[in-house]
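Novice: Please build the complex by placing chain B on the supplied structure of chain A, with the hints as guidance.
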Amino acid sequence: MINLFEVSETNQMIEHENLDVRTITMGISLLDCMDSDLGRLCAKIYDKITACARDLVKTGRDIEVEYGIPIVNKRISVTPIALVGSAACGSPSDYVELAKTLDRAAEAVGVNFIGGYSALVSKGMTAAEERLIRSIPRALASTERVCSSVNIGSTKTGLNMDAVRLMGDMVKATAEATKERDSLGCAKLVVFCNAPDDNPFMAGAFHGVTEADTVIHVGVSGPGVVKHALSQVRGENFEVLCETVKKTAFKVTRVGQLVAQEASARLGVPFGIVDLSLAPTPAVGDSVAEILEEMGLESVGAPGTTAALALLNDQVKKGGVMASSYVGGLSGAFIPVSEDQGMIDAVRRGSLNIEKLEAMTCVCSVGLDMIAIPGDTSASTIAGIIADEGAIGMINQKTTAVRVIPVIGKKVGDTAQFGGLLGYAPIMPVSSYSCEAFVNRGGRIPAPIHSFKN
Amino acid sequence: MKKTIITVVGEDTVGIIARVCSYLADSNINILDISQTIIDGYFNMMMIVDANRSVKSMEELVSDLKALGEEIGVMIRCQHEDIFNKMHRI
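So the protein sequences, as listed, match chains A and B. Straight run, no breaks: the first sequence in the working numbering ends on number 454. Straight run, no breaks: the second sequence in the working numbering ends on number 544.
The following block holds chain A by itself, in its conformation from the complex (with noise of 0.2 angstroms):
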């Protein structure tokens, strides 16, 4: 029978070390809301959406309640409306309109934030998704909880160079359409390579095809309490390090895993995954710099970081395999800039450069994440950048992506301000040095040799 112990363990774990779970996802797929009249394609889209996820919100607080986990996001991933809207949208402002139907449906249901507002163009783009990436600047600027990604490549495929390209002017325009808001709108913006399909996270999130018509996926969280187990254990050796973080993982795994299943029960939505991320907040005590900085870093940036966030993206993954049924999505360690508030002091204090997290997007499990960068930074620098991410995600078979925002008007040494969970982020330097010839060759890159398996 369960302790005094173990329960003062797991409250503790709650109430002073931010255990929460950081999402509950519905993903819903619009394939059956096709058609080519787009009057009709919005409104079954909201109809779909709003009937789907009309408990969501509702389920989520009852668990919280119940279990006394706090359940900070319920959100809504749909299939990739670059292939919903084909047959409906002749024009960028066709999908614009997609767009505010999705917003709708997110604020009717309660949700924060809704993404699949995507493409997938790994390998070539069709007209009807060169017109939704064209329509994003325009659809982040009129919508609040709309989210948008492009998947550029894949190991699989290469990458896809021209809508790399691509992709740095929209980005840039991207920024410019929500200058008032410091850019806010690229915030809610990834490129990605190797896309998973069952993502709960955003702003990358999207219903993949190869999923069923609903389906339920939990993030969980928890680098609050891994610092707080690593800081028990200072001076040992890394087996003892190793195993406290594996054991960690699996306790904060195990919690999401619960909500997962009961999520699905009480919606009657099949359980998808569980996605077992640290996933830090501006939060103090929620960061995961503090972590490879109590693993024994002055600060993160320092040489020995990279290996310090491999092990901790290797040891969350074993300690959650087992705890879960089902893992996937994105699984790791995320390292965003602005919404950790170890690695915004790492940045003010001149420890961490762009440089140095490219090297650590190689082990952590996603990219180059929430980091500000000087206004005036050209769009082709911008598709170098999602061109080296791309490649490292390509090259090492694992999903990396890009989540810069040019702030408009600012520069280096000023402050871009996002609000709540985006947190806020210094602007960081990128190299002045050109990129333009080798972004400008058009084509694709082709896929690497050990992706041919067969």
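Be careful, since some hints might not be right.
Said to hold, decoys possible - Here are the simulated lysine to any residue pairs, SDA-like style, with alpha carbons at most 25 angstroms apart:
id, chain 1, residue 1, chain 2, residue 2
1, A, K58, B, A521
2, A, K58, B, R507
3, B, K457, A, N3
4, B, K457, A, L4
5, A, K156, A, A127
6, A, K318, B, R543
7, A, K317, B, D536
8, A, K318, A, N194
9, B, K456, A, D55
10, B, K457, A, R61
11, B, K510, B, S476
12, A, K179, A, G420
13, A, K58, B, K520
14, B, K456, A, I2
Since the hints were derived computationally from the structure, they do not count as laboratory data.
Specialist: Just chain B now, with coordinates in the frame of chain A:
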């Protein structure tokens, strides 16, 4: 049988158990097990209860006990046992 765990943490004072127990009795909740300890003057108690025939909903229980805790000056939480079972038992 669905069990609920009630935890009380805070400064020790007269009548904590009495107040919690009389609330539970009034709500038709049966106490299955109580363990209690004092650590550094702090009162730590865990009760395992059967709330299946309770006249209160889980939501009411959670908020009533929280309010009662605030009145006494301690922290009272009320949670489904599965969160602990899941985390600490394979």
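Novice: Given the hinted pair K456 of chain B and I2 of chain A, is their Cα-Cα distance within 25 angstroms?
Specialist: This hinted pair holds, its Cα atoms lying about 14 angstroms apart.
Novice: Taking only the CA atoms, is the gap from K156 of chain A to A127 of chain A under or equal to 25 angstroms?
Specialist: holds, 22 angstroms
Novice: K457 of chain B and L4 of chain A: Cα distance at most 25 angstroms?
Specialist: holds, 15 angstroms
Novice: Hinted pair, alpha-carbon criterion (25 angstroms max): K318 of chain A, N194 of chain A. Please report holds or violated.
Specialist: holds, 21 angstroms
Novice: K318 of chain A and R543 of chain B were given as a pair; does the straight-line alpha-carbon distance stay at or below 25 angstroms?
Specialist: Distance ~17 angstroms between K318 of chain A and R543 of chain B Cα, so the pair holds.
Novice: CA of K58 of chain A to CA of A521 of chain B, is that 25 angstroms or under?
Specialist: holds, 23 angstroms
Novice: Is the straight-line distance between the alpha-carbon of K317 of chain A and that of D536 of chain B 25 angstroms or less?
Specialist: This hinted pair holds, its Cα atoms lying about 23 angstroms apart.
Novice: Measure nothing beyond the straight line between the CA atoms of K457 of chain B and R61 of chain A; if it is 25 angstroms or shorter, mark the hint as holding.
Specialist: Judged against 25 angstroms, a Cα distance of about 20 angstroms means the pair holds.
Novice: Given the hinted pair K179 of chain A and G420 of chain A, is their alpha-carbon gap at most 25 angstroms?
Specialist: Holds: K179 of chain A and G420 of chain A sit about 18 angstroms apart, inside 25 angstroms.
Novice: Given the proposed pairing of K510 of chain B with S476 of chain B, does the C-alpha separation stay at or below 25 angstroms?
Specialist: holds, 14 angstroms
Novice: Next pair to validate is K58 of chain A with K520 of chain B; report whether the Cα-Cα distance is within 25 angstroms.
Specialist: holds, 21 angstroms
Novice: Tell me if the straight-line CA distance from K58 of chain A to R507 of chain B falls inside 25 angstroms.
Specialist: holds, 24 angstroms
Hint check: no violations occur; every hint is consistent with the structure.
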